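Undergrad: As you go down the protein sequences, you meet chains A and B in turn. If you read the first sequence in our numbering, its first letter stands for residue 1, the second for the next number, and so on. If you read the second sequence in our numbering, its first letter stands for residue 1, the second for the next number, and so on.
For the record, the hints were derived by calculation from the structure and aren't laboratory data. Computed from a prediction, not measured in an experiment: that's the story for all the values here. Even glycine gets a Cβ: it sits at the ideal position worked out from N, Cα and C. One or more hints might be untrue.
Which stretches of chain B does chain A cover? Using the computed rule of at least three CB atoms under 8 angstroms from a CB of chain A, they are [as the list claims (entries may be wrong)]:
1. 65-78
2. 223-237
3. 263-272
Far from chain B, some chain A residues (derived; all Cβ distances over 12 angstroms) [claimed, not checked]:
4. A36
5. T41
6. D84
7. S87
8. E91
9. R102
10. E139
11. D164
12. P166
13. L170
14. E195
15. D255
16. Q256
17. Y265
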Amino acid sequence: MMAISNHQSNHRFDAPRLVNASPLVQAVGLSKRYGAIEAVTGVNVEAYPGEVLGIVGESGSGKSTVLRLLNLEEMPDSGTYTLDIPSVLGEDLYQLDRFARREVQILNIGVVYQNPHLGLRMRFTSSGNVAERLLITGERTFATLRQAARDSLAISEFPLNRMDDPPRVLSGGMQQRVQLAKALALKPALLLLDEPTTGLDVSVQALVLDTLKRLQRERRMTIILVSHDLGVIRTLADRVMVMRHGRVVEQGLTDQILEDPQDAYTQQLVHAKL
Amino acid sequence: MTTLSDLAQPRQDYSYGFMDAYAKRELRRRILKAIAIPGYQVPYASRELPIARGWGTGGLQVTLSLVGPESVVKVIDQGADDSVNAANLRRFITRMSGAETTTDTLKATILQSRHRIPEEVMQEGQALVLQVPDPEPLRGVTADMSKAHQLHADSDYGQMWLLLYEQLVRYRQYIQGASYPSLVNGLYIISPSPIPRWDTPKLHQAAHLTLLSAGREKRLYAVPPYTDVYPLEFSDVPFQVEDQQGWVCKTTGVQNKFMNELPQEDGTSQYELSDSGYAEKLVKNEAVGATYYDDQGDFYYDGYLKPPVQPSL
């Protein structure tokens, strides 16, 4: 006993950066019912600047509902949500009026859906889809919109010779890149990914994940990633939250959860996957 | 001997102006509301008329609720007074109201129109009634009408420019042929009926009252006299009207008015004035009023139309 505590006290231990920073996202006690169905019960979400938080769980576990609540698409029945952003510092975003909430959402949160039909206008040009984000913030100069669309598509590694093709004629992987470019167009502090690579074949999935990883490294964005694919979670996430029946059953560092799951359900999940 | 039937009102098959008193009163109230809130789409209970929905019932209801025995009515369809639809409507309106009819823009007190605003500058006291097929300018970007109402309420119109963006990317110019979305009084965006881009600037600071009514969609809206109307545009790509440079009317020889193109058998085209009432006056050598576009093609409201810019992609 003695030896161990000596060892610890002698060791020069720098606390990880994450521990010293204040969380960018802090949601406490989120609950949401749809009629008789309790989709989410008392979920806390904390994500630090530059961190990738993974949320895993089976279908119907409430992970997409949590993401919708964090994207301010829906209001919870109870719970608070703050973002560490100068304009709304310390304010509960669910208490803001419609206009203020929409502004926070547009300027600070980007989202990529599993189904590109939810996030994109399939018959409009890809560049137009990206430019729309700037249009709704009031940009009215055509040249600026073109440049912003080009920049944003370039960083999500979309082939620029196809920037004026509608997403309808693009492959699934390219559609996800357009969604990503659209989400990143206004340089949001928080990026929400809802199963971004589900439905893509393995090689395309790897390429999209590469892009996400590079972007995360370069931009130090906070990402909250929902997936049921533990491979994706292992590649991207720093920390994992495991959800079941609308509750968080376990959370911790990705390696720790995936290598040494404590909760019975997590064990089952990990063994089923690996 | 005086009988009861002599004292009673003579029996009529229809009320004055065809519609019953309640319908006319409702329409008039809605029109007042529309004038009070320029560009706002006022819902109304669209009545059955002896013509089918989609054939100008919106415009006809407004005309019938405004018309009186002293009115002078002009009805135009695609600029022409003599098309079947215009002739039928005109005959019906006179029969139901006893109002006089005319083909002369300047003599009319009520002009019901589909697709065109006349070439001659309309004056104070005149009312232009436009038949609208689709009143909702946001339909191109939002399929959900309840959402569209909220966007109108919030003046949240950013997405409208997406339609223009698409046009510029594909064609390097605004190509929307009709219903060019325009901002009225700095607040509401309207879809100005199916009038061509050529006519849209005529609504700006116009001396006359414009009423736009959609019978099938049950909505009417107005551009009151002397109200700002600006077509949407990008700050670096100004709005343009149709380019009809060099199109000369085959019967009157005028230029720089809105023309109909008549394709010929040998592949060439001839052109004729779309505004038949104006053409008629020119042919008969009658005095014509001032026109919105002069013979050089300059718009009467100085500085409103800017020189064209082709955007680079």
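Undergrad: Does each hint hold? Answer for all of them.
TA: Checked hints:
1. 65-78: Our answer is that it is violated, as 0 residues pass the Cβ test (under 8 angstroms) against chain A, missing three.
2. 223-237: It holds, with 4 qualifying residues against the three required.
3. 263-272: As far as the segment 263-272 of chain B goes, the hint is violated, because 0 residues have Cβ atoms under 8 angstroms from chain A.
4. A36: With a cut-off of 12 angstroms, A36 (chain A) remains clear of chain B, as the shortest Cβ separation is near 26 angstroms.
5. T41: 30 angstroms, holds
6. D84: Since the minimum Cβ distance to chain B is about 27 angstroms, D84 (chain A) lies beyond 12 angstroms and the statement holds.
7. S87: 19 angstroms, holds
8. E91: Holds, because the least Cβ-Cβ distance between E91 (chain A) and chain B comes to about 21 angstroms, which exceeds 12 angstroms.
9. R102: Violated, since 8 angstroms does not exceed 12 angstroms.
10. E139: 8 angstroms, violated
11. D164: 5 angstroms, violated
12. P166: At roughly 9 angstroms from the nearest Cβ of chain B, P166 (chain A) sits no farther out than 12 angstroms, so the non-interface label is violated.
13. L170: 16 angstroms, holds
14. E195: Its Cβ never comes within 12 angstroms of chain B, the nearest being 25 angstroms, so this holds.
15. D255: The assertion about D255 (chain A) holds, with a minimum of 44 angstroms to chain B.
16. Q256: 44 angstroms, holds
17. Y265: Fine: 39 angstroms to the nearest Cβ keeps Y265 (chain A) off the interface.
In terms of the numbered hints stated before, the structure departs from hints 1, 3, 9, 10, 11, 12, listed from lowest to highest.
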